[in-house]
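J.: Chain by chain, the residues run as shown.
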Amino acid sequence: MIGPSRVAELDMPGAAIEGSSTRPAQSYWNESWERLRANRIGIMAGALIVVFALIAVLAPVFSAVLTHYEPQTIDLSKTFSPPGSGHLLGSDELGRDTLTRLIWGARVTLGVALLTVAVSLTVGTAVGMMAGYYGGWFDDVLMRLVDTVLAIPAIFLFILMSILFKPTPVSLALIIASVGWGQVARLVRGEVLSVKQRDFILATRSIGARHLRLMARHLLPNVLPVLIVAASLGVGQIILIEAALDFLGLGIQPPTASWGNMLTNAESYFFHSVWLVYFPGVMIFVTVLASNVFGNAIRDAFDPRLK
Amino acid sequence: MTQPLLEVQDLHTVFSTKEGWVKAVDGVSFELHPGETLGIVGESGCGKSVTALSIMRLQRPGLIKSGHVMFKGDDLTKATEDEMRDVRGKEIAMIFQDPMTSLNPVFRTGWQVAEPLRLHHGWNAKKSLTSAINMLGRVGIPSATERAEDYPHQFSGGMRQRVMIAMGLTTTPEVLIADEPTTALDVTIQAQILDLLRHVNQEFGTATILITHNLGVVAGMCKRIIVMYAGRIVEAGPTADVFAHPKHPYTWALLRSIPRLDAERHEPLKPIEGLPPNLVDLPGGCAFHPRCAFKIEKCSRDVPALQRVGDTQLSACWVTQAGTELKGA
Chain Z
1 MIGPSRVAEL DMPGAAIEGS STRPAQSYWN ESWERLRANR IGIMAGALIV VFALIAVLAP
61 VFSAVLTHYE PQTIDLSKTF SPPGSGHLLG SDELGRDTLT RLIWGARVTL GVALLTVAVS
121 LTVGTAVGMM AGYYGGWFDD VLMRLVDTVL AIPAIFLFIL MSILFKPTPV SLALIIASVG
181 WGQVARLVRG EVLSVKQRDF ILATRSIGAR HLRLMARHLL PNVLPVLIVA ASLGVGQIIL
241 IEAALDFLGL GIQPPTASWG NMLTNAESYF FHSVWLVYFP GVMIFVTVLA SNVFGNAIRD
301 AFDPRLK
Chain V
1 MTQPLLEVQD LHTVFSTKEG WVKAVDGVSF ELHPGETLGI VGESGCGKSV TALSIMRLQR
61 PGLIKSGHVM FKGDDLTKAT EDEMRDVRGK EIAMIFQDPM TSLNPVFRTG WQVAEPLRLH
121 HGWNAKKSLT SAINMLGRVG IPSATERAED YPHQFSGGMR QRVMIAMGLT TTPEVLIADE
181 PTTALDVTIQ AQILDLLRHV NQEFGTATIL ITHNLGVVAG MCKRIIVMYA GRIVEAGPTA
241 DVFAHPKHPY TWALLRSIPR LDAERHEPLK PIEGLPPNLV DLPGGCAFHP RCAFKIEKCS
301 RDVPALQRVG DTQLSACWVT QAGTELKGA
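Protein chains in written order, with this note's numbering: chain Z, 1 to 307; chain V, 1 to 329.
Calculated directly from the structure, the hints in this document are not laboratory data.
One or more hints might be untrue.
[What the hints assert, rightly or not] Here are the in silico distance ranges between beta carbons for each label pair:
| # | chain 1 | residue 1 | chain 2 | residue 2 | range |
| --- | --- | --- | --- | --- | --- |
| 1 | V | N134 | Z | V57 | 45 to 55 Å |
| 2 | Z | W33 | V | P34 | 42 to 52 Å |
| 3 | V | S66 | Z | Y134 | 47 to 57 Å |
| 4 | V | E19 | Z | S171 | 50 to 60 Å |
| 5 | Z | W33 | V | L255 | 32 to 42 Å |
| 6 | Z | R217 | V | E325 | 55 to 65 Å |
Every residue gets a Cβ at the ideal spot worked out from N, C-alpha and C, and that includes glycine.
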């Protein structure tokens, strides 16, 4: 039935045909990247965010070369200048240059968004991973904690925390992340629960890998697509939350410029200096729209469940 | 005979379910000698895989209630988790049933095959990869250097099983446990993988435990087989003797149920009547007696122990232990 002649077949044509292919290895990441590149609108939205980020990083340069104002420079002789000469995008009630303040505001807005995403992803992934991996009572305790965090009305929590802690960009990011990690933890836990059932996890344990290695090296790459999607879709939401808190006076405090707190003051002068409302408003709108469009493009490209 | 390499003594592994304790492995004992190929046969749910996982202490959520697994003088059931990690993948390697899901989809195969070397020998990426590529070549992966760059989804089922075998062998373990290594593969690929396992057994001297429900597979591979039913060993002995003169009605019925090429065209198949027992609520006495064609009154009352029947075989059956030959339509 199974003769020794078969041993020779091992290196024979049948097997060789399959191995002789010369196509390059198409990894999951390559494929996803190709799909993302094919999405024009998504790439444009991503590029826009990159441009905003660059402008934010280079804010001091812009303020020195382009606008010649510092964000806090007060000029009471030129309050409420309309957009045009002198102040490209006009000036506010204290004669501060709107464009300069927008550029510096981008630092705050994008910086807070980035930090928030980083913190909530790190904490959420760690909690979700451990809950899903170890299971049992440990899972129950962690997930009830997540339920509790998510059950608190977020806006009241933000208001309370803003009162307790002086809102700086870093503390604001931590405040928003204190709720954001819960969603991530749930997402990661669900994904881990499904991935850990697969045989390769048992196979990896059977070669003697310890739990930490299994989680970090073998499970994490398998939940990474979900994380990337969550991160990219979360940015827009965080920018809105941050702007809302600033607007309510609970976020970044004047005189530090942020798009949200620029709106707070502008509201009072809406009827005679409408540009003070338009420019920060448009910036928030465009950035949030671009992050959502880019986030969707990322999801279309990376989410394995959509394939 | 030489000192056994691995000795399983009266192993009991149980699972907790809503209906009660499931005795997946219920008093299993056997020995594995260096360089030997041992077959464990039985139908789905008879405890073959749980026995294998219990040896590796990967039986969770199952619980090893009692018994010993002696490996090179140490009792693995009492080893710490750290000590077990040193055994797993270094001294005892395991191959799983479904090669399609046993490899991590996000890593290149070469990297995965090299993982045991990084874990156990602390080799760096480059050194371990060289060794892994060498091993991939030895298990019959053509152009191994290039293929090591590929991801698992670029391999066929048979090739993936070769990759799994290569991964098991990189650290040249002393025992290889193959849990239904060919079940998910088609017949020609099955034959190739079995040849490879036999080849590995000869070339590396790796003692192999081959778990399968396929009697044809053990016939070609194993000198000695163990037949399991409902978590217990019902028969054990040299493959040739067991096949020629089964000493347990279950083995007898299993062998009889195999369709034969030389049978009459319209001869009906001879299945084993009834269903495997519910492991939560085993029938009293011999677990096989409700389906047994030879049962006597004692069978439903007392559990038969595994005892020598004939010159070379062990059987847990009151009928054959009393000297009756198993014959019939």
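J.: Could you check the hint for me, namely that N134 of chain V and V57 of chain Z are 45 to 55 Å apart, CB to CB?
T.: Check passed, 48 Å falls within 45 to 55 Å.
J.: Can you tell me whether the CB distance of W33 of chain Z to P34 of chain V sits inside 42 to 52 Å?
T.: holds (50 Å)
J.: Starting from the hint 47 to 57 Å, judge whether the C-beta atoms of S66 of chain V and Y134 of chain Z obey it.
T.: violated (26 Å)
J.: Taking 32 to 42 Å as the stated bounds, is the beta-carbon spacing between W33 of chain Z and L255 of chain V within them?
T.: violated (56 Å)
J.: Has the hinted range 55 to 65 Å been met by the Cβ atoms of R217 of chain Z and E325 of chain V?
T.: Holds: the Cβ-Cβ distance is about 58 Å, inside 55 to 65 Å.
J.: Starting from the range 50 to 60 Å, see whether the pair E19 of chain V and S171 of chain Z falls in it by beta-carbon distance.
T.: About 54 Å separates the Cβ atoms of E19 of chain V and S171 of chain Z, which means 50 to 60 Å holds.
Going down the numbered hints, you'll see the structure goes against 3, 5, while the others check out.
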